[in-house]
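Given chain A's structure and the hints, the job is docking chain B onto it.
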Amino acid sequence: MIKRLVFALIVGLYLGSGFYSVGPSQRGVETFLGRVLMPPRPPGLHYHAPWPFGRVTKIDVSRVRTEDVRCSWGFGRMVQGASYLLTGDENVVQCSFQIHYIIYDPVKFLYFYEKPGDLIKRYVCANAVDILANMKIDDALTVGRPMITSRIKDMVNKGIRDLLGIDVTSVLLSGIEPPLPVKSAFAAVSSAKADAQRMVEDAMGQSNRDIPKARSQATRTITIANAKARELLDTAKGDLDAYYAALKKFNQSPDQTRLDLYIDTLKSLMNGLDITVVDPSKVMDLYLGRGMFLQKPR
Amino acid sequence: MKKVIGIFFSVLILVWLATMVVPVYPAQFVVITRLGRPVRVIDRPGPAIKAPWPFESATHIGGRLNLTEVTPLEVLTQDKKNLVMGAFAVWRVMDPLKFLSSVRTFDAASVRIGDMVASLLGNQVASMPLNDFISVDHPTALKKVDQALLRQVKNRCKSAFGIDVVDVRVERMIFPDDNLRHVFNRMRAERRRIAKKYRAEGEEKAMKIMSDTDLKVRKILADAKMKALQIEGDAQAKVLALKRKAWESNPEFYRFYRRLQAVKTVLKRGGQLIISTNSWLFSILEGIKAK
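Just so you know, the sequences run in chain order A and B.
Note that our numbering gives residue 116 to position 116 of the first sequence, counting from 1, and the numbers run on in steps of one.
Note that our numbering gives residue 250 to position 250 of the second sequence, counting from 1, and the numbers run on in steps of one.
Do not rely on the hints blindly, as some may be mistaken.
Stated by the list, open to error - Using 25 Å as the maximum straight-line C-alpha spacing, the simulated BS3-like pairs for lysine-lysine come out as follows: (1) B:K219 x B:K205; (2) A:K213 x B:K208; (3) B:K50 x B:K98; (4) B:K219 x B:K208; (5) A:K249 x B:K243; (6) A:K158 x A:K108; (7) A:K213 x B:K216; (8) A:K228 x A:K213; (9) B:K158 x A:K158; (10) A:K237 x A:K248; (11) A:K136 x A:K193; (12) B:K98 x B:K154; (13) A:K228 x B:K227; (14) A:K228 x B:K243; (15) B:K264 x A:K248; (16) A:K115 x A:K158; (17) B:K205 x B:K216; (18) B:K158 x B:K143; (19) A:K248 x A:K267; (20) B:K238 x B:K227; (21) B:K144 x A:K158; (22) B:K143 x B:K80; (23) A:K136 x A:K183; (24) B:K205 x A:K213; (25) B:K219 x A:K228; (26) B:K238 x A:K248; (27) B:K158 x A:K108; (28) A:K183 x B:K197; (29) B:K98 x B:K158; (30) A:K136 x B:K144; (31) A:K237 x B:K264; (32) A:K237 x B:K227; (33) B:K219 x A:K213.
Unchecked claim - Examples of chain B residues lying across from chain A (beta carbon under 8 Å, computed): (34) P47; (35) F88; (36) V166; (37) A206.
FYI, nobody ran anything at the bench for these hints, they're computed from the structure.
No residue lacks a Cβ here, since even glycine has one placed at the ideal position from N, Cα and C.
One chain only, chain A, in its complex shape:
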């Protein structure tokens, strides 16, 4: 009785070992004696024939996988100068990439190649060699970077998509630079650019100071001129007002006004002047001082 129970239990356990669950981002590749049961099992609970008849391998298909690629010969081995790539204008650069990919055909991915990552790296570098051999180094280091990554993505996908059942979702250029022996020369160009820019900025700064200064000087000149003009006019007006006043008086009583004016003039002359009165009929010559003579007409 017990023997039967134990026997039943063993058989039950054996058959029950065929249950398995597939996680939310996985697919289950189930085989029966080698034949792949299509399609790959979606997430959920499934059953396969117990070992050794049936097996299952679960693969995460939504996880984005990353590969860091450094285009150097002897992957993994550090060889001097191993990572140099030629550009179209016979210059040399080094570059490294980061590849993101997902699995779209788990069966292929599982069975067709032992280390898919390696193959991806090789293809990336092979395409990088081809792409850079057509570019100028200045473009490759600067404006050409997006073109490099997009072309690598296209070419790698074309090459290995069907082969490995993967889809490259993005390619990043994690670094592209001139080789170590010439790096400082390249850096010197950047600093020369910066120097040149600084020269121009200094000149502009100076200009931005000089021109306003000149303008304010100009304004001052004009202001002074205006003031002078004002003063001129005011003075003249003042004089003329006095004249018109005198004229009015003259028009009323001409002789009196004439006399008044004479006297007024003399009064102001009397202060600080030596006055000498001379009768010309009596005097022959008169020394006026400073070598001048008043000569009486003979």
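Quick look at chain B alone, frame taken from chain A:
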């Protein structure tokens, strides 16, 4: 006792019968041999049936993709330029029987394929100028090289080893180390030239800005001076006009009045005044004294 022996033998027979079933997984070949002689090949995944051991045996041959790296070698272009090139080949077993009867192992196959690619690569490169490999003006022919290599290698490996070469790619292309030194010198010299150019351009621009500024400043000041002269001139003209109007009002009186003003101004500074008894000034003085 009999039961145990019975169970034991049943299990033995079951195990023996089980050798009739061979699971064949994807990317796998199974070669069925009869007493050492291969009789058939299973290339479809799934369970396969054969005669039980020892009549027929099953040998598994990997059908996965393999990668063979072709060590970089120095090659010469048509125009006698040196390049170091490396490549890789992706291949898999296609005909296991042929494979087993030729290279037999994967390592051996790898070596043979590597050598083949290397020599074909050398030939291919020797028929093309350097321009076909690196150029900025026209498209390079690396793809053509890859395709030519693939074509040649594929055919040979298929017929000789039962191997399907899926792809051949050049993965490395660089000048030899000796040349690299010259290349680096040239690169450094070129960068120096570019740096000089930037500096010169900057200087030129800066100088232009300064001379333009100078011109502007001069113009601003000159314009202002001119304007100032204009303003003063206008004022003077106005004054003149006013004076003329005053003169027009009574020319004689104006003259008289002006003369007196002039005398005041000229003689204000002090000095000597000589008056003749004939002069009107004297007559005024007399008049004053009398008053």
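Hint numbers contradicted by this structure | Structure breaks no hint.
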